[in-house]
Amino acid sequence: MNELIQFDLSLIMPEIFVLSMAMVVLMTDLFIKPSSRWIIYSLSQLTLLGSTYLTGKDFAEETQFAFSNMFVRDGLADFLKMISYLGISLTFLYSRSYMKDRGLYRGEYFALVLFALLGMMIMISSHNMLLVYMGLELLSLCLYSITALDRDNQKATESAIKYFVLGALASGLLLYGMSMIYGATSSLDIGIISTTLFNHPTDHSILVLGLVFVLAGLAFKLGAVPFQMWVPDVYEGAPSSIAMLISSVPKLAAFAITIRLLADGLQSMIIDWKEMLLIMAVLSISIGNITAIAQKNIKRMYAYSTISHIGFILFGVMSGSLNGYASSLFYVASYMLMTLVSFAILMIMSNKNFECELIEDFKGLNKRSPWYAFLMLIVMLSMAGIPPTIGFYAKFMVLQAALEAGFVGFVIYAVMMVLVGMFYYLRIVKLMYFDEPKVKGKIEASLDVQWVLSLNALSLLIIGLVPYTFMEATTQAISLSLN
Amino acid sequence: MNFTYILSYSIWVPIILGSIILLLSSAMSDAQAKWVSLASSVIAFLITIPLYTAFDFSTTQFQFQEFFHWIPTFHINYHLGVDGFAIPLILLTSFTTVIVIIASWRSVQDRVAQYMAAFLIMSGLMIGVFSSLDAMLYYIFWEAMLIPMFLVIGIWGGTNRIYATIKFFLYTVLGSLLMLVAFIYLYLHTHSFEVIDYYNSGLGLYPQIFIFMALFMAFAVKIPMWPLHTWLPDAHVEAPTGGSVILAAVMLKLGAYSFIRFAMPIAPEASIFLKNFMVTLSLIAILYIALIAIVQKDMKKLIAYSSISHMGFVTLGLFMFNTIGIEGAYVQMISHGFISAAMFLCVGILYDRLHTRQIADYGGVIHVMPIFTAFAVFFSMANCGLPGTSGFVGEFMVIMSAMQNNFWIAVIAASSLIFGAAYSLWMVKRVFYGELLNEKIKSLKDISWRDFFILSILAIFIITVGVYPKIITDMTNAATVQFLDHILHFQPITSLPLDV
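Chains as they are written, first to last, in our numbering: chain A, 21 to 503; chain B, 11 to 510.
So here's chain B without its partners, still in its complex pose (with noise of 0.2 Å):
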C-alpha cells in the first residue's frame, strides 16, 4: 500500500471530523454526538496505525515526508515527516483520544459535542506538532493547540477554572514567544525555517546559549520543569477528567519530545554546556516536587505533583547524554502517558460518584468497589515504579544511566522511589482501604464494563511495557544513535556574533 500521505491524514482527519461535529453539534442528540465522536476517534486512531506497521526502523532517515511549499515570502514550507522518536508519541496521541472519549461517555453532560470535537481537533493538532519539520509549521500547531484546550479547561472545568485556565495559557504563550524569537533569529541565520537546516546551523556557543534560552522557556514550561511548574496543578485540578488525561499523557511529552527535536539538536554545545543547570533542576523536580505530593490533600493535585517529578527523570534522561538515558527518558515518557492517563481516569471514576476529590473524604472504597479497587491500586503501584511494570522499567533506566556520569545523580535520582512509594501508597491507604465512615461510600456501584474495559487496555500496556520495554526501544533505538552522534560530534563551522 501507499502511505504516502499519511500523515497529512493522521493530522487533518480528526481535525476535520472533530469540526464537522462542532457545526452539527446544534442538530445531534448527547447520544448521536457521542457515537459519532467515538467513531471518529476510532477512525483517526486506525489511520496511524500504518505509521508503526509501515514504518522502516532501521533507518535515521525521516519517513513519510511530505513537502510543499506553504509561504515562499518566508521560505516556510508545509514539511512533514517522522523518525522513531515522533512515531511512539503520535500512536499515543491517537489513542488516548480514544480513551478520554469512552472515558467521558459519563462524565459530561453539557454540550457534548462540543467537548468530543474539542478533543478531536486536538489530537490532530497535537500530531501535527509531533510530525512538522518545519519551524513554523510545528509553531502553528503548538499554539493552535492551546485554544481548544484552553476551552475545554474554561468550558468543563471546576469551579476556580478560569483562574487555572488563564495561568495556563499564559505560561505556555510565554515560552512559546520566546521560542518564535528564537526560530526568527534562526531563520535570519540560515535563510530558512526547515528544522534540518537548523540542526547544522553552525552557531557559535553565545548564540548557541541564546537559542537554547529561549526554547529553553518553551518547552520547561510544557513539560513543566521546576521552577516554571506552577501552572500545571493548578490545571489539572480544575480540567475536566478528559482534560487532565490529555494534558499528562500526550501534552507534556511535548515538552520532552521538542527538547529532542529542537533545543538539544539545534544548540548541541549549549546542551552539554549547560548540562550541569539541567540535571539540577531535573534532580529538583524529583525530590523537591515527590515531597510536595505527599503532603497534598487532593488526590488530583497528588497526581499532578507526581506527574511532574516523573518527568523530571525524562529531563534527566535526556541531559545524562548516554543511549540508555535518552531510551530511558523514553521509556519513561510513554509510560508516564499510560500511567498518569489511568491515575487520572480513576480519580475521574471516583470524583464522578462522589463529586470531591479531597482524600479525607474517601476510605474503605474496597469494601464496596473491589474491582475498581484493584485496578486503581495496580496503577498506584505502577506510579511508583513497582518492578514488571513500566513505570519501573523507564526509572530504573535513566538511574542507570545517571550512574555512569556521576554516583551522587543517581543516588539522588533513585531516592525518589522512596517518596514516590509515600505519596502513592498513602494515597491508597486513606482511599481505598480503612473502615467505611462515609455514609455515601456505601452507595457506590462498581465501575461499569465501559470503565473496566478501558482500565484493562491502560493495565495491558503498562504490564507489556513493563515486561517487555524493547518494543518502544526498537522504535527509537536508530534515531537515538543518530541523535547523540550529532550532539557528542557536532562541529561548529564558524562562530558568529549574536547580531544578525
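Chain A with its partners taken away, still in its complex shape (with noise of 0.2 Å):
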C-alpha cells in the first residue's frame, strides 16, 4: 500500500513541486520589499525551470496512472505541460517591464499564475471528470481575479465580471453534463465510461443531451462559436500581459481536457460530436475571420483571429483520426508560440504613459524599429499560414487530416475563409511597412526580452523550416496517449 502511494506521488512530483512552490512565493511576498520583487521573479522563474526538470526527468514512454485512475502521465500529458512551462515562463519575461510601468508587478499575480499553472496540469493530466473540473475551477478562478488585478481600471473590472458571470455559467454547464453522463454510465473515469459506453450502448438520449451541455462548457472555455462573446471584451478590457496570458496556455489545457472527454471518454459517440464540432468549426473560422476585419482596436482583432485559430484546432479534433487529433495538437501549440509574439511585441510598444492598443499603433513600426517589424511580420505571415512557417504547417496538417475525414466542401470552404483572414493580417504588415509613423520614438526592451522575443518569432520560421521534430513530437505525443 504504502508502496502504492510512493509512486502515485512520484508521478504528481510537477504538480506538489509548483503547488509548494506557489505558496512559498505568495508567502516571501509578505516580507520583501517592493523594489525587491525581482527575488519573486526569480523564484517563479525556478518553479518552471523545475517542474521542467521533473516533467522532462522521466518524461512518459507509457501512460500510467495514479490514484486510482484519477490521474493520467502519458506522453500528450507531458508533451503540453512543458509546452505550458515554456509559455509561463515567456509570460512572465514579457509582461515584467509592462506590469511594473502599471504598478501591477506584485505577488499576488506570480501566485496567480503559478495556481493557474496547477490547475492547467491538473486538467491536463485529468482522467476522471470530477479531476477535470476541479483543474478547470482552480484555472478559471485564478484568470478571472488576475483580470482584475488592476481594480482601480473600470475596463479590467467590467471585462473580469464579465468573464467570471459567463465563465460560471459555463462550468455550470459542463458540470450539468458529466452529471448526465455519470447518471447514464454510473461512473466518472473517463477510461470506464469509454468502455462502458463501448460494450453496452445505453440511453442515448440522455448521453446526447450530456454531451451537448459537455461540449457547450468546453467551447466555452475554447472560445467557439457561438460562446465566444466574452473572447474579445475580456482581450480589450485586461490589460495586455494578461489577455497574453488568457488567450495563450489554456487553451492547451482546454484543448487536452477536449481530447480526454471526446477522444478518449466519448469516443463511441464520435458521430454525435462530430456533426457538432463541425458546425461550430466552421461557424469560429467564419465569424473569428470576417468580424476581424472590421476591428479597430488590435486587441480585439487577435481574439477574433484566435476564435479563428480554435476553429482550425476543433476542426482537426473533428476529423476524428489520430492524425487529426496530432494536427489540432501541432496546431494549438504553434498557435500559442504565435499568440505569445504578437502580444509581447504590443507590450513592448507601450510605455508608462502610452498604451498601444489600436491597429494603427502599428503605423510606421519599419521605420521606428526595423527589427520588431520583422518579428511583426513573422507573426503576422505564420498566423496567416504562409510558408515557410509553422503556422502554414499547422493549417496543412489540419487541412490534410479533413481531407482524409472526407470533408471536401468544408476543406475548401476553411480554405477560403483562410484567404479572408490573411486580409486583416496583411493590413498589420502594410501599416508597419507601407505607412509614416504616427507615434515617433524608439521602442526599447530589456536586454533578455529583447533576445528571448527574438528567438522566439525566429523559431517561427525555423520550424517552419524544419518542422519535422515538432510534427513528429506531436505525432507521437498523440499516438503514445489514444490508441
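Everything labelled a hint here was simulated from the structure, so no lab data went into it. In this text, all values refer to a predicted model and were calculated from it rather than measured experimentally. Keep in mind that the hints are not guaranteed to be accurate.
[To be verified] Straight-line alpha carbon distances no greater than 20 Å define the calculated EDC-like cross-link-like pairs of lysine to aspartate or glutamate that follow: (1) A:LYS383 <-> A:GLU295; (2) B:LYS307 <-> B:GLU204; (3) A:LYS387 <-> B:ASP120; (4) B:LYS177 <-> A:GLU375; (5) A:LYS120 <-> A:GLU157; (6) A:LYS316 <-> A:ASP455; (7) A:LYS372 <-> A:ASP49; (8) A:LYS387 <-> B:ASP40; (9) A:LYS182 <-> A:ASP172; (10) A:LYS462 <-> A:GLU375; (11) B:LYS307 <-> B:GLU445; (12) A:LYS383 <-> B:ASP456.
[Said to hold, decoys possible] Covered stretches of chain A, as calculated for chain B (at least 3 residues, CB under 8 Å): (13) 430 to 436; (14) 448 to 455.
For each residue, glycine too, the CB sits at the ideal point set by N, CA and C.
Starting from two chains that each stand alone, build the complex the way the hints lay out.
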C-alpha cells in the first residue's frame, strides 16, 4: 500500500512542486520590500525550470495512472505540460516591464499565475471528470482574479465580471453535462465511461443531451462560436499582459480536456460530436475571420483571430483520427508560440504613458524599429498560414486530416476563409511597412526580452523550415496516449 | 567538373546573399549596397550557367537531381531536378535579376539595400519554384515568393500601391490555397508529394477535373488568364520598374510553367476534356484584352494588357497538344520575358525623367532622345510581332499549331497581330513622334551608358531568338516529345470516386 502511494506521488511530483513553490512565492512576498520583487520573479522562473526538470526527467514513454486512475501521465500530458511551462515562463518575462509600469508587478500576480498553471496541469493530466472540473475551476478562478488585478481600472473590472459570470455559467453547463453522462454510465472515470459506452450502448438520448452540455462548456473555455462573446471583451478590457496569458497557455489545457473527454471518454459517440464540432468549427472560422476585419482595436482583432484559430483546432479534432488529433495538437502548440510574440510586441510598444491598443499604433513600425517590424511580420505571416512559417504547417496538417476524413467541401470553405483572414494580417504588415509612423520615439526593451523575443519569433520561421521534429513529437504524443 | 548541388546553389546563394545585404543594410551606404547587390546577382547568374552548358538535352530525364528527406511524417522531400522545360526559365530568372538591379541604379533612392535584397531573395525563390520536384517544396517556394513582391510593390510603388499590392497578394493566394487542397488530395491518393508519382496517379476523369480546376485557379491567376487577370494591370501600374520587369518577365511564366509541370501531366484526360474551355479563355485573352490595350491612356497599363494578350498565346499553344504548339508557347514565353522586360524598362526610363506615365503627356521624344527612341521603337515592333524578332517566332508557331487543329482558332489568334500592331504603334506615334509640345520634354537628356548597355543586351537576345529560335526549341524538344506522349497516351489505371 505504502509503495503504491509512493508510486502515485512520484507521478505527480511536478504538480506538488508547483503547488509548494506557489505557496513559497505567496509567503515570500509578505516579507520583502517592493523594490526587491525580482526575488519573486526569479523564484517563479525557477519554479518553471524545476518543473520542466521534474517532468522531463521521467518523460512518460507509456501511459501511467495514479490515485485509482484519477490522474494520468502519458506522452500527451507531458508534452503539453512542457509547452505550458515554456509559455508561462515567456509570459512572465514579456510582461515584466509592462506590469512594472502599471504598478501590477506584485506578488499575487505570480502566485495566481502559478496556481493557474497548477490548474492547467491538473486538467491536462486528469482522467476523471471530477478532476477535470477541479482543474478547470482552479484555472478559471485564478484567471478571473488576475483579470481584475488592476482593480482601479474600470474596463478591467468590467471584463473580469463579464468573464466570471459567463465562465461560471459555462462551468455549470459542463458540470451538468458531466452529471448526465454519470447518470448514463454510472462512472466518472473517463476510461470506464469509454469501455461502458463501447460494450453496453445505453440510453442514447440522455448521453447526447449530456454531450451537448459538455461541448458547450468546452466551447466556452476554448472560445469557439457560438460561445465566443466573452473573448473580445475580455481581451480588450484586461491589461495586455493578462490578455496574453488568457489567450495562450490555457488553450493548451482546454485542448487537453477536449481530447480526454471526446477522443477518449466519449469516443463511441463520435458520430454525434463530430457534427456538433463541425458546426462550431465552421462558424468559428467564418465569424472569427470576417469579424476581425472590422476591428480597430488590435486586441479585439487578436481575439477574433484566436476564435478562427480555435475553429481550425476543432476542425482537426473533428476529423476523429489520430492524425487529426495530432494536427490539432500541433496547431494549438504553434498557436501558443505565435500568440505570445504577437502580444509581447504589443507590450514592448506600450510604455508608461502610452498603451498600444489600436491597429493604427503599428503605423510605420518599420521606420521606428525594423527588427521588431520584421518579427511582427513573421508572426503575421505565420498566423495567416503562409509558408515557410510554422502556421502554414499547422493549417496544412489540419486540412490534410480533414480531407482524409472526407470533408472536401468544408476544406475548400475553410481555405477560402483563410484567404479572408489574410487580409487583416496583411493590413498589419501594410501599416508597419507602407505607412508613415504616427507616434515617434524609439522602442526599448531590456536585453533579455529582446533576445528571447527574437528567438521566439525566429523559432516560428525555423520550425517552419525544419518542422519534422516538432511534427513527430506531436504525432508521438497523440499516438502514445490514444490507441 | 561536378555539378551535383548546382540547383541548391542557384536557389540559396541569391537568398543568402540577399539576406546578408538585408542584415547589413543599415551599415552600408547606398552606393556600396548597389555594387554589392550587382556583384551578388552576377554571381548568382554565373552559378546558373552550368545548368545550360552541362545539361544533356538529348534525354528526357530530370537532371542535377538532389534528394533529401525533409518531413518524413508526410513523405515530403527536398527534391530538386530540372528538365528542358525548366532550364530556359531558370536562366531567364537569374539574367533578369541582373538587369533589374542595373536598371534600378538611379530610379530607386529610398532604402536601396532592402530593395536590391528583395529582388535577390525573390530570384532564388523563383528558381526554387522552377526546380522543385516535390509538390510541397514547390508550394512553399511559390508562396514565399509572394512576400518580397508584396513588399516591393507596397514600399516602392506608386500612389495607389497599397490597393494594388493587397489585390495582387489576395488574388494569388486565392488560387494557391486551392492548389494546396489539390496537392493534399493527391497526397492522400498516392501517399507521396513527388511530382513524378502524381503523373502516374491513375485518377479517373472526374477527380482529374477536380484537380485540374483547383490547379487552374492557381496558375490562371498567375499567367493571368481572362477573367482572373484584373490584378495584373493594377500591380504593374503601381509597381516600381524593377517590380514590373520581374512580374512580367518571370512571374507570369511561373503560371505557364506550372501548367506544363503540374496541371496537364497530372490530369491529362481532364486537360484534353477541358481543351475547348482553355482555348476559349486564351482566345478571349488574345483578342479582347488586345482591344482593351488599344484604349489605354497609361503606358504601363497598355503594356500590362499586352502582356496578358501575349500570355494568351502561351496557353493557346499549350492546349493545342502538338509539338509545334508547345515549343511555340515556350519561345513565346522566353521572348515575352525579354520584350516585356525591355518595354517596362523603357517606360521606367521615361517615368524617371518626367514622373508621368500618361501617353498624353508625351510627344516628340525622338527630338531629344534619339538613341532611346530607336530602342523603344524596336521593342514596340518586337512586341507586335515584327518578323526577325522573337515576338514573331512564338506567335507564328502558335498560330501554325492552331491551324493544324482548327482553321478558325488560327484566324482569331492571327487577328491579334493586327491589334498588337495597333496598340504598339499608336503608342509609339503618340509618345515618340509628333510635335514637341511639352516644355519639360525639351530639357530631357538621352539615356546613360548603363541603360544603353542593358537595352542593347535585350535587343541582341530578341534578335537572336527571332533569327535562330532553335536555341530554345533545342532545349525543350526532348521534354516536349515526352510530355505529349504522356498526355496523349495516358492510361488511367483505375478510376476512383472523388472521395478518398
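Each hint tested on the structure:
no.: 1; hint: A:LYS383 <-> A:GLU295; verdict: violated, 42 Å
no.: 2; hint: B:LYS307 <-> B:GLU204; verdict: violated, 47 Å
no.: 3; hint: A:LYS387 <-> B:ASP120; verdict: holds, 12 Å
no.: 4; hint: B:LYS177 <-> A:GLU375; verdict: violated, 32 Å
no.: 5; hint: A:LYS120 <-> A:GLU157; verdict: violated, 28 Å
no.: 6; hint: A:LYS316 <-> A:ASP455; verdict: holds, 16 Å
no.: 7; hint: A:LYS372 <-> A:ASP49; verdict: violated, 24 Å
no.: 8; hint: A:LYS387 <-> B:ASP40; verdict: holds, 17 Å
no.: 9; hint: A:LYS182 <-> A:ASP172; verdict: holds, 16 Å
no.: 10; hint: A:LYS462 <-> A:GLU375; verdict: holds, 15 Å
no.: 11; hint: B:LYS307 <-> B:GLU445; verdict: holds, 19 Å
no.: 12; hint: A:LYS383 <-> B:ASP456; verdict: violated, 40 Å
no.: 13; hint: 430 to 436; verdict: holds (count 4)
no.: 14; hint: 448 to 455; verdict: holds (count 4)
This entry does not satisfy hints 1, 2, 4, 5, 7 and 12, going by the numbered hints stated previously.
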